[in-house]
Amino acid sequence: MFPKPIETRGSGAVLRYQLILPIALIIWLLPLIAIFLTSIRPGSDINAGNVFGWPSDFLLLENYKAVFTESKAWLYLKNSFRITIPTVIISVALSCLAGYALSVYRFRAALPLFFIFVAGNFVPFQILMVPVRDFSVQTGLYDTITGLVLFHAAFQTGFCTLFMRNFIKALPHELIESARIEGVGEFKIFFYLVLPLVRPAIAALSVLIFTFIWNDFFWATVLIQGDHGLPITAGVRSLNGQFVSQWHLVSAASLLAAVPPVLMFFIMQKHFIAGLTLGASKG
Amino acid sequence: MNTAVQSGDAQQSWYQRNRFAITPWLFLAPAIFFFTLYVIAPIFQSIWISFFEWDGLGEKKWVGMGNYVELMDDDRFYTSLKNNIWWLVLYMLAVPVGLAIALFLNQTVTGIRIYKSLFFFPFVISQVVVGLIFTWFYNPDFGIVGIVWEFFGAKPPAILADENLVTFGIIFAGLWPQIAYCMILYLTGLNNVSPDQIEAARLDNAKGFGMLWHVILPQLRPATFIAVVVTVIGALRSFDMIAIMTGGGPYGSSNVLAYFMFETSLSEYGFRMGYGSAIATVLFLIMLVYISYFLWRMYQDEKGA
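Same order as they appear, the protein sequences are chains Z and F. Sequential numbering of the first sequence, starting at 1131, is according to this note's numbering. Sequential numbering of the second sequence, starting at 25, is according to this note's numbering.
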């Protein structure tokens, strides 16, 4: 292990380390701690210059309730779920199929196709913006959640296929070979043999895509116009305009926007990190 | 009846004979369809549109290289390009800083797991939220910057309103989640460093920085590669923070190509889709350098495998 385990330097070093850890963490998360403290203090504190001190009053419930009653935060949150969940389902489903085809079958187009999915995943959003917006306007998908979901799902298919293909490629190929010799059809092999084996990859992709899409701001701005479809990220921005200089409410709304991905990360931490660090440990 | 059965047999055996050639395309069809429609085709359409003057609604007017010629004379373009280079260079700090934090946290004391996940927090939060937090942090009247400066008896600068500081202020905010990302990549990498090699190196009296440089870093190369790739992409994609924190201002001084493109084609500054597409094409070409390098590396790996 590198660096040397701290235990080998005696109990004094361990104690020192355990003392430094929380201090380092507080400094690292200072922006978040500050915004949380702001979100539970009365607005008058900020005007009085009490921003980083102890709140003069704790208004956790009041402030967060105010966000919901005085703005459309609830609608924005609901929209975020309506955008995120279908996107996750579609892109993961498409990439399971595509990843399977690209890893199990040997055909000449397999590698070039795989590279196209990988490359497409890295292009800047702006090169897609004008045609995608135009296409959505032409087909009546502009300013609808369906239109946004279809785009997100298509774009995320690139990353998901990269992930799935490499995951399936690492499975023992003999399993599939022996099923073929037994005379099991190709579709049955996919559904009954491969799908159960890629469950960890599906979990990892789902949390990752959930976080990516939840945090999307650009495409929501480009493809959605009205409050009826704006997700919470774009919503927080318009709340920022609505609650001018009511920093306690803006902070509360921002933290609300962060809660679902943070929860997702904590619950599915193992899968999340496995997905994110794909390739980081491969030799 | 007999013939019908026979032709059914023939059909099935035709599929049976060709199933390894046909099935992959059946599996691929939906993904290829969507990906072509929404990702591949639009790239070429954008490049095509960049040769026109177009407001997004009316007739397109062919201007040839006109948009590119105009771009070469546009000060806003050079400001954005310069800022993009600053982003690329300074964003790279996320890689060594992420490594440093990973080395700091790579211990086994009780509770370390929860510390690792809390350090990772900034990456999970939306950039919109990060941008808002830092806008507020930088506020000279009541932000932390104001407090720190006043503590030293200086007049706090209005970072986001200062043409010379604004880009650095935004990059600094952007580094926060990016460092967390690099940190988690290195933590995973460190987990997989071969203990035998470390022991062998320790017997050879290697330690500290020499050990890190000669023994550990070579083994962390896959992690470093991914960290650099995601950081470059993050730097060139920077959009959310700029939109939230400054909207490209003051006077366009914090603009980057991604935001400049958006502003040109879809905002109160006009709907110049053709000109916007030309900016997007330039950004795409810059990214293409990195994409090609990444694909080339992947191709080497595939050949080796």
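The set of hints was computed from the structure by calculation and includes no laboratory data. Here the structure is a predicted model, which is why all the values come from computation and not from measurement. It cannot be assumed that every hint is accurate.
[Unchecked claim] Derived DMTMM-like pairs: lysine to aspartate or glutamate, alpha-carbon spacing no greater than 25 angstroms straight-line:
#, chain 1, residue 1, chain 2, residue 2
1, F, Lys84, Z, Glu1304
2, Z, Lys1134, F, Asp97
3, F, Lys84, F, Asp97
4, F, Lys327, Z, Asp1273
5, F, Lys84, Z, Glu1137
[Unchecked claim] Covered, in the sense of this in silico footprint (three residues per stretch, anywhere, with C-beta under 8 angstroms from a C-beta of chain F), are these stretches of chain Z:
#, stretch
6, 1153-1159
7, 1187-1196
8, 1281-1294
9, 1323-1331
Cβ atoms here follow ideal geometry from the backbone N, Cα and C, with glycine treated the same way.
Results of checking the hints against the structure:
1. Lys84(F) with Glu1304(Z): violated, 56 angstroms
2. Lys1134(Z) with Asp97(F): With a Cα-Cα distance of about 57 angstroms, the restraint between Lys1134(Z) and Asp97(F) is violated, given a limit of 25 angstroms.
3. Lys84(F) with Asp97(F): This hinted pair holds, its Cα atoms lying about 23 angstroms apart.
4. Lys327(F) with Asp1273(Z): violated, 45 angstroms
5. Lys84(F) with Glu1137(Z): Violated. Lys84(F) to Glu1137(Z) sits at ~70 angstroms, over the 25 angstroms cutoff.
6. 1153-1159: holds (count 4)
7. 1187-1196: That given contact is violated, which follows from only 0 residues of the stretch 1187-1196 of chain Z lying within Cβ reach (below 8 angstroms) of chain F.
8. 1281-1294: holds (count 7)
9. 1323-1331: violated (count 0)
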